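2 protein chains.
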Amino acid sequence: MTGLTQRVITAIIFAVVMIAGIFTSKLTFGILFLVITALCLWEFFTLILKGSKTRKTRRIMGVGLGILPYLEVFLSDMNWIDTPSPLVQLTVLTNLLFLYIIYELIRLSDQPIRHIGAMMTGFIYIGLPYAMLYYIGAQFDGFQPTIIFGMLLLTWTNDTAAYFAGSNFGKHKLFPQVSPKKTWEGSIGGAVGTIIMGAVLSFIFPVLSLNTWLAIAAAVTIFGSIGDLVESMLKRSVGAKDSGTLLPGHGGFLDRFDAFLFLIPFVLMVLLVFGK
Amino acid sequence: MTGLTQRVITAIIFAVVMIAGIFTSKLTFGILFLVITALCLWEFFTLILKGSKTRKTRRIMGVGLGILPYLEVFLSDMNWIDTPSPLVQLTVLTNLLFLYIIYELIRLSDQPIRHIGAMMTGFIYIGLPYAMLYYIGAQFDGFQPTIIFGMLLLTWTNDTAAYFAGSNFGKHKLFPQVSPKKTWEGSIGGAVGTIIMGAVLSFIFPVLSLNTWLAIAAAVTIFGSIGDLVESMLKRSVGAKDSGTLLPGHGGFLDRFDAFLFLIPFVLMVLLVFGK
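Taken in order, these protein sequences are the chains called A and B. Using my numbering, read the first sequence as starting at 1 and increasing by one per residue. Using my numbering, read the second sequence as starting at 1 and increasing by one per residue.
Source of the hints: derived by calculation from the structure; they are not laboratory data. Don't take every hint at face value.
[To be verified] Below 30 Å or equal to it, Euclidean Cα-Cα: the simulated DSS-like pairs (lysine-lysine) are:
hint	chain 1	residue 1	chain 2	residue 2
1	A	Lys50	B	Lys56
2	A	Lys50	B	Lys276
3	B	Lys241	B	Lys181
4	B	Lys173	A	Lys181
5	B	Lys56	B	Lys171
6	B	Lys171	B	Lys181
7	A	Lys53	B	Lys171
8	A	Lys173	B	Lys173
9	A	Lys53	B	Lys53
10	A	Lys50	B	Lys53
11	A	Lys171	B	Lys241
12	A	Lys276	B	Lys171
13	A	Lys173	A	Lys276
14	A	Lys241	B	Lys181
15	B	Lys50	A	Lys56
16	A	Lys181	B	Lys241
No experiment lies behind these values; they were computed from the predicted model shown.
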């Protein structure tokens, strides 16, 4: 099988699983992103704990801690657990993060600051956004999978339009120290394409108004592009090329979702400010 | 002035300011711990960013970000700002933490993972506990400064009883790799003294029941002692002896509050489980 065939097959399977998971039911939606959260956390800790002697245990603990915000939102929304008050949620999560700090003490870690920092970063950078994603898709206005699908379409449009604009008109480098191939022309092309797609979405998914879809499109093109660069920065600083190998020809899950997860908190801010 | 005189004078001034601030009014209580939060954050980032080339800017940003949870609770409780919903609070804070990640990208940081980890750790390890402290003292059951004063008395009792028991009966080292002087005998003496003090507090500060005070005393002796070791671990891993020099003869504020800040989330958990 050639590299291209492998890439295409992977992309098709990936798209089918994503669309089926998002639209079938709230349960499949919840499970789909639970799995994606866990895989992104796993790859994040694999990456960021590179060279650490006891990476295996800490990676498991990091996935366990980082997935808790998502689990709290998901399980209580499914009525499988009582909905804890925000104060109780905050207290439970803080207690558990502090217990992890104690774990570093007991293990007589040689790099406690690095390990604690990695754990707290994974929790905030991966754990919180996906919990917010579940809230946006299942609770902001009831179960509205089209919002999430729209966010994914916008992210994909941004990537694709930037790629084509950059390939054809790219001259001025955007951020050569972090991502050598990106150009200003590509970014502008991505922004134009994403805003147009935002306008289109307001007709096919009228659950949100035109203004809100346009504001989401703006957040996607700005913070999605930055999120892509942020993951490049993290990989670069540990000397890695891909975050994983789970998606043949496409790197890892974190590589696929780096833009998407980074833009989630900003899209939630847009929704809180603009409403539906 | 001899070292001892200096220590005693500092201790007296410190105690007077603390007691006056805690009991005078909710405003002085709020300002006192706002200042303490800022100073602890400042020393934390001084310590943890040791050797970083651009420590000054990041330290200011770290204090600014880390103090936000406290400010949100304090200012809305004083009715100086509208009380944001927990979702809005979470979204605003996450957006700002993500903007800090973007700052690391733009600055082309040579150690982005280290800096981001430091920022997230300061936010969770210092920022969240003090916001919880304000909640415990001013909102859990209205303005109840005796709860906070009791927590401080318990922490001080634990230290002092452990010191005397350790000096007189100390034989078996507790955790020689992190804190060479601590002994099991000292810790047991500290626990006994703290539990007795917890019983005493239920008579002089009957705002909480005997059971709740005893559970808080247990949390203080366990997690206060551990918090002390945690800060030793952090200092040890960057090769520092004291966190600062603001309190002559006593080290820095973080050295004074290392046990206290660490036990706050666990005391809040006790209060949520046991009630008044």
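Pair hint Lys171/A and Lys241/B, alpha-carbon separation not exceeding 30 Å: Violated, at roughly 53 Å.
Given the hint that Lys50/B pairs with Lys56/A, test it: the Cα-Cα distance must not exceed 30 Å. Holds, at roughly 28 Å.
Next pair to validate is Lys181/A with Lys241/B; report whether the Cα-Cα distance is within 30 Å. 47 Å, violated
Take the C-alpha atoms of Lys173/A and Lys276/A, compute the straight-line distance between them, and say whether it is at most 30 Å. With a Cα-Cα distance of about 37 Å, the restraint between Lys173/A and Lys276/A is violated, given a limit of 30 Å.
Distance restraint between Lys53/A and Lys53/B, which requires alpha-carbon spacing of 30 Å or less: 27 Å, holds
Against the 30 Å threshold, does the CA-CA distance of Lys53/A and Lys171/B hold or violate the hint? Roughly 33 Å between the alpha carbons, so the hint for Lys53/A and Lys171/B is violated.
Does Lys171/B lie within 30 Å of Lys276/A when you go C-alpha to C-alpha? 67 Å, violated
Just to be careful, I want the Cα atoms of Lys171/B and Lys181/B compared with a cutoff of 30 Å; is the pair within it? 10 Å, holds
Hinted pair, alpha-carbon criterion (30 Å max): Lys173/A, Lys173/B. Please report holds or violated. 60 Å, violated
Is Lys173/B within 30 Å of Lys181/A, Cα to Cα? Violated: Lys173/B and Lys181/A sit about 58 Å apart, past 30 Å.
Is it true that the CA of Lys50/A sits at most 30 Å from the CA of Lys53/B? 23 Å, holds
Is the straight-line distance between the alpha-carbon of Lys241/B and that of Lys181/B 30 Å or less? Holds, because 14 Å separates the two Cα atoms, which is no more than 30 Å.
Comparing the model with each earlier hint shows violations of hints 2, 4, 5, 7, 8, 11, 12, 13, 14 and 16; every other hint is respected.
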